[in-house]
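K.L.:
The numbers in the working numbering rise by one with no breaks, and the one at position 105 of the sequence shown is 105.
These are calculated hints, taken from the structure and not from any lab test.
Just to be clear, a hint being listed does not mean it is correct.
Below, in silico cross-link-like pairs of lysine-lysine (DSS-like), each with a Cα-Cα straight-line distance of 27 Å or less [said to hold, decoys possible]:
| hint | residue 1 | residue 2 |
| --- | --- | --- |
| 1 | Lys338 | Lys317 |
| 2 | Lys120 | Lys242 |
| 3 | Lys95 | Lys69 |
| 4 | Lys222 | Lys166 |
| 5 | Lys88 | Lys286 |
| 6 | Lys212 | Lys198 |
| 7 | Lys125 | Lys166 |
| 8 | Lys173 | Lys156 |
| 9 | Lys317 | Lys351 |
| 10 | Lys166 | Lys207 |
| 11 | Lys212 | Lys156 |
| 12 | Lys212 | Lys338 |
| 13 | Lys120 | Lys88 |
| 14 | Lys327 | Lys342 |
| 15 | Lys306 | Lys342 |
| 16 | Lys252 | Lys222 |
| 17 | Lys207 | Lys342 |
| 18 | Lys286 | Lys172 |
| 19 | Lys265 | Lys252 |
| 20 | Lys52 | Lys39 |
| 21 | Lys162 | Lys198 |
| 22 | Lys342 | Lys156 |
| 23 | Lys81 | Lys69 |
| 24 | Lys120 | Lys311 |
| 25 | Lys317 | Lys265 |
| 26 | Lys345 | Lys172 |
| 27 | Lys242 | Lys252 |
| 28 | Lys173 | Lys207 |
| 29 | Lys69 | Lys265 |
| 30 | Lys125 | Lys156 |
| 31 | Lys173 | Lys198 |
| 32 | Lys81 | Lys95 |
| 33 | Lys207 | Lys265 |
Source: prediction; values computed, not measured.
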Amino acid sequence: MNFHKLLIMTLLTAVAASCGNDSTTKIDLFDVEIVNAQKRYITSETLEVQLKNKKNKTVTSVTYFLNDKEIASVNGNTVTKLNLQEVKLGTQIIKAEITHEDGVAEDYASVTVVSSIKPKLYGYKILETYPHDIAAYTQGLEFVGDDLYESTGQYKMSSLRKVDLKTGEVLKKTELAPSFFGEGLTVLGDNVYQLTWKENVGFIYNKETLEKTGQFTYGNSKQGWGLCNDGEVIYKSDGSEKIWTLDAATQKEQDHIEVYTNTSKIDTINELEWVEGRIYANIYQKDAIAIVDPTNGAVEGVINLKGLKDKVTQHSKLDVLNGIAYKGEPNILYITGKNWDKLFKIEVFEK
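Produce the entire structure from the sequences given, and follow the hints as far as they go.
P.N.:
Here you go:
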């Protein structure tokens, strides 16, 4: 039994025991085995699974679950096909619930599911250049109409701002306490939501006044990186390959997707922007933006922004690209970075 399976079984057995569930056999009787197992699978594939019957128990039936959702049930111990077509990407847990001559047993296996499509590649053309505060360590950027909101980071320097696009002037500003490191932001309804990095707390502000009106804490996502929203749901990155969905009313985490191409995961997901039904995700320390399907995490495209950083003033505090804003103009993005003195309006095109 590999370590991953042992860890899963140990955790779930402990939960069952704490709930007083004595009907499930605790003895290791079965192994879920994948026929012709692969390192990774794509969503268009079908898995074949079967049980290794270690003690030769008579099996009445087997029910298979994928991430706790029942997907197949068979009589006896027969090879069973599991369809991956509607499965989210990343590490998925297969559970087998086995009814046998002595009771009920469970066993688990894990598979990695990647995207079935190869990402399209995009380039860019600069349309306009605007001034930007060179002291702003940009963490989040978002338009509401013509109003541009910006979140900046660094301890003792973090802020929430409303900025004039054409002049770069800071029109309104709320500073965070010195112990908070500001991160991404998003605007939904009358509220601005802003993350902090390692402090496990996000802040809520009035959209017009930038006055702080509330706060919220994180759940399983231990850090705050980027935010965006689709008009109803808030999406949050935490510096890993995961993007979390948050209830807009309570800010509680509901679920997550994992960002994968057709070959591998994309981690260090940072600044987020919602663009026409897709999440545009800046990859930290890369001059690139991944175009992500929010339903399953598949990377549908990658925008190569190499060379953009070279067009700003070079100085000792200059840092990476990290600011994506969309104003409703087709194929147009507004891009800046940490301590950049310019903000660029670019046109994106498929190569």
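K.L.:
Each hint needs a verdict: does it hold in this structure or not?
P.N.:
Tested hints:
{"no.": "1", "hint": "Lys338 x Lys317", "verdict": "8 Å, holds"}
{"no.": "2", "hint": "Lys120 x Lys242", "verdict": "21 Å, holds"}
{"no.": "3", "hint": "Lys95 x Lys69", "verdict": "9 Å, holds"}
{"no.": "4", "hint": "Lys222 x Lys166", "verdict": "36 Å, violated"}
{"no.": "5", "hint": "Lys88 x Lys286", "verdict": "25 Å, holds"}
{"no.": "6", "hint": "Lys212 x Lys198", "verdict": "19 Å, holds"}
{"no.": "7", "hint": "Lys125 x Lys166", "verdict": "19 Å, holds"}
{"no.": "8", "hint": "Lys173 x Lys156", "verdict": "14 Å, holds"}
{"no.": "9", "hint": "Lys317 x Lys351", "verdict": "33 Å, violated"}
{"no.": "10", "hint": "Lys166 x Lys207", "verdict": "20 Å, holds"}
{"no.": "11", "hint": "Lys212 x Lys156", "verdict": "18 Å, holds"}
{"no.": "12", "hint": "Lys212 x Lys338", "verdict": "24 Å, holds"}
{"no.": "13", "hint": "Lys120 x Lys88", "verdict": "20 Å, holds"}
{"no.": "14", "hint": "Lys327 x Lys342", "verdict": "18 Å, holds"}
{"no.": "15", "hint": "Lys306 x Lys342", "verdict": "15 Å, holds"}
{"no.": "16", "hint": "Lys252 x Lys222", "verdict": "13 Å, holds"}
{"no.": "17", "hint": "Lys207 x Lys342", "verdict": "25 Å, holds"}
{"no.": "18", "hint": "Lys286 x Lys172", "verdict": "30 Å, violated"}
{"no.": "19", "hint": "Lys265 x Lys252", "verdict": "25 Å, holds"}
{"no.": "20", "hint": "Lys52 x Lys39", "verdict": "20 Å, holds"}
{"no.": "21", "hint": "Lys162 x Lys198", "verdict": "24 Å, holds"}
{"no.": "22", "hint": "Lys342 x Lys156", "verdict": "23 Å, holds"}
{"no.": "23", "hint": "Lys81 x Lys69", "verdict": "15 Å, holds"}
{"no.": "24", "hint": "Lys120 x Lys311", "verdict": "25 Å, holds"}
{"no.": "25", "hint": "Lys317 x Lys265", "verdict": "30 Å, violated"}
{"no.": "26", "hint": "Lys345 x Lys172", "verdict": "22 Å, holds"}
{"no.": "27", "hint": "Lys242 x Lys252", "verdict": "16 Å, holds"}
{"no.": "28", "hint": "Lys173 x Lys207", "verdict": "12 Å, holds"}
{"no.": "29", "hint": "Lys69 x Lys265", "verdict": "23 Å, holds"}
{"no.": "30", "hint": "Lys125 x Lys156", "verdict": "36 Å, violated"}
{"no.": "31", "hint": "Lys173 x Lys198", "verdict": "22 Å, holds"}
{"no.": "32", "hint": "Lys81 x Lys95", "verdict": "14 Å, holds"}
{"no.": "33", "hint": "Lys207 x Lys265", "verdict": "35 Å, violated"}
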